[in-house]
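Dock chain one against chain two, each of which comes alone in its own frame, and use the hints as you go.
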Amino acid sequence: MTTRIVELRQGVLKKNDELARGLRQRFQSAGVLVLNLVSSPGTGKTAFLERTLRELLTRGLRAAALVGDLETDNDARRLAASGAPVRQINTHGICHLEAEMVSKHLDGWDLDALDILFIENVGNLVCPSSYDLGERVRVALLSVTEGEDKPLKYPTLFNSADAAVITKIDIAEPCAFNRDLALHNINEIRPGIRIFETSSKTGAGMEEWLSYLEAERNRLP
Amino acid sequence: MHELSIVESVVDAVTQSLAAYPGARVLAVRLRVGALAAVVEDSLQFCYGIATESTPLAGSRLVIRHLPVVAYCDACAAEVELPGVQSFRCPHCSAFVTDLRQGRELEIESIELEDALEDAPAAAGVAS
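In order, the protein sequences belong to chains A and B. End of the first sequence sits at 221 in our numbering; the numbers just go up one at a time, nothing left out. End of the second sequence sits at 349 in our numbering; the numbers just go up one at a time, nothing left out.
Only chain B is shown next, with the shape it has when bound in the complex (with noise of 0.2 Å):
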């Protein structure tokens, strides 16, 4: 269970990038999650509520993309993806794979934000 200190990562990261964004509020935070990257979604769901709280990213959505694994498989001369975890072998000739090209991604892809109307009088509250 090291959802918790990835969920901290992010928010960490996602905070210091804030800094060229001033006012701008978070709605989503997008991550690339490979099929080898061992985390579960439940997991990074549930204390990223947690992990957010009083932060930032207080009320912002975390979206998350599984990629398979791809490999590059020599028999075929070609990248293939795999069904599963299960076995490394090229699902089209069997072969073993062992050059990955994709699946152990854990990463940031982007953040989804609104920014602050720019000659909003400070009168006008805008609530969030």
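So that you can see chain A by itself, here it is in the shape it has in the complex (with noise of 0.2 Å):
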């Protein structure tokens, strides 16, 4: 018997990762600015979403949404009211999306009718942050409910996005939320991040946020 070691040098997501830059691809000749939202359940992710899907298309901007859940179409039928085109993705116990999941979900929808398209992913800030969608733009929220601390207990999710939103800002003196803290512990694993303080209910912080969208959307080679 001999034994031997054979080199593999191989990524474990390799499969992903080929699908996400395939999809990646169709989205930049779709010309079609795509974002992975992130957060812990609770953070308040559809709210958000649901304002900035109604104020973009008051805007004039083709905006539609993938919601990933684990379960139920909750999520998809608070999003439609908003008139755009969204589409529900259960994974049944998988705790994050995944490229294959998101191209499934893509059949049939006219991506050159679109200016900017949304996967909000399921509530877990640990498991979609190994899963590459595609995406142009990753964005972690963080509700001021949750503690300051959040930054520095999830490091690889807030270290790989693109973008930082704080959510729930009308209540954050009831919380005793400490802004600067927070701002420092985002700047600390992610330095130099646009961060977002936003309301959903007030729609505080919204002009900022939909301004950044729509310049990242014309920013697209």
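Be a bit skeptical, because a hint or two may be false.
One side only, chain B facing chain A, incomplete, derived with CB under 8 Å [as the list claims (entries may be wrong)]:
| hint | residue |
| --- | --- |
| 1 | 259 |
| 2 | 306 |
| 3 | 308 |
| 4 | 327 |
| 5 | 331 |
Residues of chain A placed beyond 12 Å of chain B at every Cβ, according to the derived structure [to be verified]:
| hint | residue |
| --- | --- |
| 6 | 163 |
| 7 | 170 |
| 8 | 217 |
Just a sample of chain A residues kept apart from chain B, beta carbon distances all over 12 Å, derived [as the list claims (entries may be wrong)]:
| hint | residue |
| --- | --- |
| 9 | 21 |
| 10 | 22 |
| 11 | 42 |
| 12 | 50 |
| 13 | 55 |
| 14 | 83 |
| 15 | 109 |
| 16 | 110 |
| 17 | 175 |
| 18 | 179 |
| 19 | 202 |
| 20 | 218 |
| 21 | 221 |
It is worth saying that the hints were derived from the structure and are not from the lab. Just so you know, even glycine gets a beta-carbon here, dropped at the ideal spot from N, CA and C.
As structure tokens, then:
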């Protein structure tokens, strides 16, 4: 018997990464800006997205959403009320979205007719960080009720994000939210990241966020 | 807890590569896991035992090599190793670092195989 070492040097998630690369090219050639929204359950991703979709539509931008959840199509129904095209992805127990799920749910959609597509990931700050979905912008969301040290507890996600959104700032005061500390922690993990402080209820911070989306959309090659 | 999906991807990838080595037995699979890979070694090991059952990898060991985050520090004009993932600053000059050179890896580095005896008579019945 002889033993030997065979070098493989292969990414474990190679299949997902290759699919994601294909998606990214597809999105780019269709001229659609794609964002992957990641947060814990309860941060308010859906409320934030509801307001974002509605306001984008009134600005004349064609926005759509794919929304991931383990079960139910409650979020898709909520988001569809905005008037934007929405599809639900049910993962049936899987704690994150994968490129293949995104690809399957795009069937029949004319990407050329879209300006911005949001992918709302399954509520989870760990597993989604490993899976590229072909997005151009990864957004990490954090609410004022969650504690300022979230970025330190989940550095992988925050470090891989391109933008950060703080939600529910209208209740920052009763929650004794330490804004400076939260901003400091986000910046320690992802130096220089754009941070938006928003309220889906009052609309605070939405103007800045929407302008960012428009600018990113116009920056597409 | 996506370690099971990750381990299943490892099993698939290794099984595919075994086609080139007929009769070989897998002794070990070596992974390189960066500090930012967001996987837990204990969970990987636990899932590995389950996911390899009734596959050509059954009974093999999973060996994990942990890699720290390495970033390029503009101020020092050098690659620096970060002591952890709680602060993305250069450990020498405290400047922020954003250009990561290592730390996100989740790779199958190599597999250790035991080749079947080429001229062994079939009747010898090597126990395995």
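Results of checking the hints against the structure:
| no. | hint | verdict |
| --- | --- | --- |
| 1 | 259 | holds, 4 Å |
| 2 | 306 | holds, 4 Å |
| 3 | 308 | holds, 5 Å |
| 4 | 327 | holds, 5 Å |
| 5 | 331 | holds, 5 Å |
| 6 | 163 | holds, 14 Å |
| 7 | 170 | holds, 30 Å |
| 8 | 217 | holds, 24 Å |
| 9 | 21 | holds, 16 Å |
| 10 | 22 | holds, 18 Å |
| 11 | 42 | holds, 19 Å |
| 12 | 50 | holds, 28 Å |
| 13 | 55 | holds, 31 Å |
| 14 | 83 | holds, 34 Å |
| 15 | 109 | holds, 26 Å |
| 16 | 110 | holds, 31 Å |
| 17 | 175 | holds, 24 Å |
| 18 | 179 | holds, 19 Å |
| 19 | 202 | holds, 32 Å |
| 20 | 218 | holds, 24 Å |
| 21 | 221 | holds, 22 Å |
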